[in-house]
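The task is to assemble the complex, starting from two chains supplied on their own in separate frames and drawing on the hints.
Protein chains in written order, with full-length UniProt numbering: chain A, 1 to 384; chain B, 1 to 198.
Honestly, the hints are just simulated from the structure, not real lab data. A portion of the hints provided could be inaccurate.
[Stated by the list, open to error] Taking beta-carbon pairs under 10 Å as the criterion, some of the chain A residues facing chain B (in silico):
#, residue
1, A148
2, R156
3, D179
[To be verified] Simulated coverage check for chain B against chain A, where a stretch passes if three residues somewhere in it have a Cβ under 8 Å from a Cβ of chain A:
#, region
4, 108-120
5, 148-157
The beta carbon of each residue, even a glycine, is placed where N, CA and C say it ideally should be.
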Amino acid sequence: MRVSHLQVSDFRSWEHADLELEPGANVLVGRNGQGKTNLVEAVGYAATLGSHRVATDLPLIRHGCPRAIVRVAVVHDGRELTIELEITSGKANRARVNRAPMPRTRDVLGILRTVLFAPEDLALVRGDPGERRRFLDELLVLRAPRYAGVRADYDRVLRQRNALLKSSGHARRAGSRGDIGTLDVWDGHLARHGAELLGARLDLVADLGDHVTAGYAGVAPESRPAHIGYRSSIADSFPAEYGTPGTRADREVLHDALLAAMVAGRDAELERGVSLVGPHRDELELTLADLPAKGYASHGESWSFALALRLGSYELLRADGNEPVLVLDDVFAELDRRRRRRLAEVAAAAEQVLVTAAVEEDVPDELVGARFMVAEGKVARHHE
Amino acid sequence: MYEGPVQDLIDELGRLPGVGPKSAQRIAFHLLGADPADIARLQQALQKVKEGVVFCDVCGNVSEEATCRICRDARRDPGSVCVVEEPKDVLAIERTREFKGRYHVLGGALDPLSGIGPDQLRVRELLARISDQEVTEVILATDPNTEGEATATYLVRMLRDFPGLTVTRLASGLPMGGDLEFADELTLGRALSGRRTV
Chain A
1 MRVSHLQVSD FRSWEHADLE LEPGANVLVG RNGQGKTNLV EAVGYAATLG SHRVATDLPL
61 IRHGCPRAIV RVAVVHDGRE LTIELEITSG KANRARVNRA PMPRTRDVLG ILRTVLFAPE
121 DLALVRGDPG ERRRFLDELL VLRAPRYAGV RADYDRVLRQ RNALLKSSGH ARRAGSRGDI
181 GTLDVWDGHL ARHGAELLGA RLDLVADLGD HVTAGYAGVA PESRPAHIGY RSSIADSFPA
241 EYGTPGTRAD REVLHDALLA AMVAGRDAEL ERGVSLVGPH RDELELTLAD LPAKGYASHG
301 ESWSFALALR LGSYELLRAD GNEPVLVLDD VFAELDRRRR RRLAEVAAAA EQVLVTAAVE
361 EDVPDELVGA RFMVAEGKVA RHHE
Chain B
1 MYEGPVQDLI DELGRLPGVG PKSAQRIAFH LLGADPADIA RLQQALQKVK EGVVFCDVCG
61 NVSEEATCRI CRDARRDPGS VCVVEEPKDV LAIERTREFK GRYHVLGGAL DPLSGIGPDQ
121 LRVRELLARI SDQEVTEVIL ATDPNTEGEA TATYLVRMLR DFPGLTVTRL ASGLPMGGDL
181 EFADELTLGR ALSGRRTV
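Same shape as in the complex, but just chain B (with noise of 0.2 Å):
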């Protein structure tokens, strides 16, 4: 244990998600000895993320303005809405430059072990933007697992209803650059039965 702020700061700093008892114990030593700049700097980075971060009004991504920039941006097609479960995702998808149309953050998946429900998540935001606007395509791009499953099936029943509308689920199968061999058989039977004539 280290006297006062030093031991406060390792505290604090542990408490972070993937920051361990010895990487707080390195990056607490490296703040003491850094520049007083950096020091601010890191400073109002934190307090900013605080006070002036927002969530945009219609996709539920985190956003600097009421709306974010890709819901600003008229290049960007309306029509197509990909609903993902966390920011990170969004950014994910972002990197992949396959994506022209526009996000929906749920901020979370169905889990009732940690009591989330549907009313935790903005799914009544989801339907009243396809009612309201011109969604044509819906895809489901929440994670492929227990629960990312469920919540893309319970979507799957409430968009049901709408006329017109396309409901896709994102493809699960093999990895680029992946051994067949050393695919694990859960993966390479999915690939199997969603595989397709080239």
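Extracted from the complex, chain A is given alone in its bound form (with noise of 0.2 Å):
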């Protein structure tokens, strides 16, 4: 899969631009603050509907602009496909493939996948369980389309369980049973459709760790094994091999073992208010040699095991027979020269990589292609 033709309006810093991308390499260079970046992160709003730069969509849009627009032609197969992405500021977002609406934005997932690696990616192993469980989630919905579907409206019976959760508990403490009797109904909701969504993370985790452990290996050989495992908020009432290599999670003992969790704990979701088992408080465990990463991992290491990640994602989807488009956004500058040259020969292999430097000289040798001058609002291709 590759992307041959990327435009965009009003998006970010850019009035317009307008690029055609070649199989393989694609470097953009430009000093700091020219938009070199933005474009990368409309290839991965195409592939991803969000930013990995920010979680809402005003900032996307150019100041002062009521909407920017993103069409991107992907080459999948010897088909091409055109997205378009109409992003507007306080109205619901338009999508087109090949000039026909869709009915909803949703629609154009699984048309571009892209794996992004970019310095925002240092919160995958330092910052909150949060931040982990959206990697496994836009992995999930990378592989198949279908979970961001079952992911919305697993938080939205989540909202509608929590909130029913915090008026039954003032209910009961002011004596009265409220609207205790349809509890029932939202917890076999919320056991179905996070079983759904624990049993495709554990599958996930299960395919992804081999990959992962591998990268970790390949870009920094000389530190501690890395190693990825799933904890669940229900660990204990499902078999330990879930979620290791080889196995595939039973979604009915998922479905039985949350039920069982929301009956047995029912009097403390009441007290609190909130819903305390599913998949929404699990965690994604990154460990070097058995110690957590987070707190343990020096710098070198933590970036490592991002980009290893990353690049398990990559091999992952590249194993399922989707090859995605690798976007390496800045992260050369970061990385020693060995980590860099480890990189380059796996961008290399891609069947299209798209990669941003401010200096060139950061770009090893290895990614020979197109290359592209970013800078006063203008691309140019640079011929050698």
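Written out as structure tokens, the structure reads:
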């Protein structure tokens, strides 16, 4: 899979930009603040409908403009599809595929797949568990877009159930029953969507584990071995081998375990007014020789781990048979020479890789390909 | 900002669902230039909708009399009841001309975030109706979203204990005239799991 054409209007700092991209390496070079990252961010947005830098869409629209437009032509198996996204502030975004309007923007997910590595990814190792849950969920959606719906349904049921727990908790303390009779219904729905999300995450970790360990050994061969593991809030109630390589989690077992945990913890949940079990409380554990990476890893090791998570994702998607576009945003400057070379070897073998760098010398020589100079609101193809 | 009554009218119109500031302005100026007789008719219609419309004693649909047209119609099968969230859903199903039974309008769906539980819906009326009358089938036609699904599950539990009562849920799947390639995977997945032998 590759992007053959990228066009943006009023996106971030760009009034307009138009690039024909090549198979293999595409390197965007320009001083800081010229908008290199904004261009690869647009590609990432077309793949995930989210930015790797901000949580909301508003900063993506050029200041003072009503809407931003991102148009990306994707070539996959010799077929070209054009995704067009209109990002509007305060209104629903719109999506078109080959000029045909999509009923929901979510429908474009899966047309373009990217794996993006950026300086922000250090938070995968050092940040809150929420960062790592989001990493897993985004990768799930890349593998099977259906999970965007599962995740959204789970979040919605969770919010409804929390609201009910809160009001029923109040009612109980005041001596009345409230709507507690409907709690069983929400328990059932939370368990059903939760089992699907939890099972998918466990299976993902089972598939991803070896790729991350290998990726880490590749970029940091001198360091301790790296492993990932899934820690569930109901880990005691399902077989311990779930989430380890070669296993598949039984959704029925997870469903029953979640339901049982909710029944057992009902008093505590009513007391606190929040759902205490489910995938929203879980954690992706990152370990270096059995010690948690968070807190114990050095700066270099944390970087390597974040990189290994992205490279592992890339290898996993490739092993699934749909090779994603690899995007390396401003990362070579952060790595020492050996890690740079290792990363360049992986990248050079990719069907397409988009790289941004402030200084051309930071980009290893292995990455020969198209070069683009980004300066003063313009992108120019650089011909040797 | 316009002066006095014109701006008041624009503000009032702008509070209606689906009417933005631009549309409100357009409607206001249209009304300003309209024939007085047209305005009088609109005024009457507005007044009547508040004073004249009541909710049907049996099904909860909007009605002119104590019992709505569908509940009065002897040709409609009283044994089959289709449960919907809103009066507009009755109209949607009526347009199919497929359903010959009667309706029950809940007046919403379970929605704890908005403080709506079974007591805010016409659930008790539904249960009373089923125990009093000769109802043999209940079709749950709540929306296929989180709240609608939860409401359907809740009703299934409440209706389980009625002997001889068949409870069904609307099928969910692919829209007619659609393109498989562009169907989202959730819908397609549901359509696949709910497939039928032909």
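Tested hints:
Evaluation of the A148 of chain A hint against chain B yields a held restraint, the C-beta minimum of about 9 Å falling below 10 Å. Annotation: interface hint on R156 of chain A holds; nearest CB of chain B at approximately 4 Å, less than 10 Å. Residue-level restraint check for D179 of chain A holds (minimum Cβ-Cβ distance to chain B is 3 Å; threshold 10 Å). Given as covered by chain A, the region 108-120 of chain B passes the check, having 8 residues with a CB less than 8 Å from a CB of that chain where 3 are the minimum.
With a cut-off of 8 Å between beta carbons, the region 148-157 of chain B has 5 residues touching chain A; three or more are needed, and the interface restraint holds.
Consistency note: the structure conflicts with none of the earlier hints.
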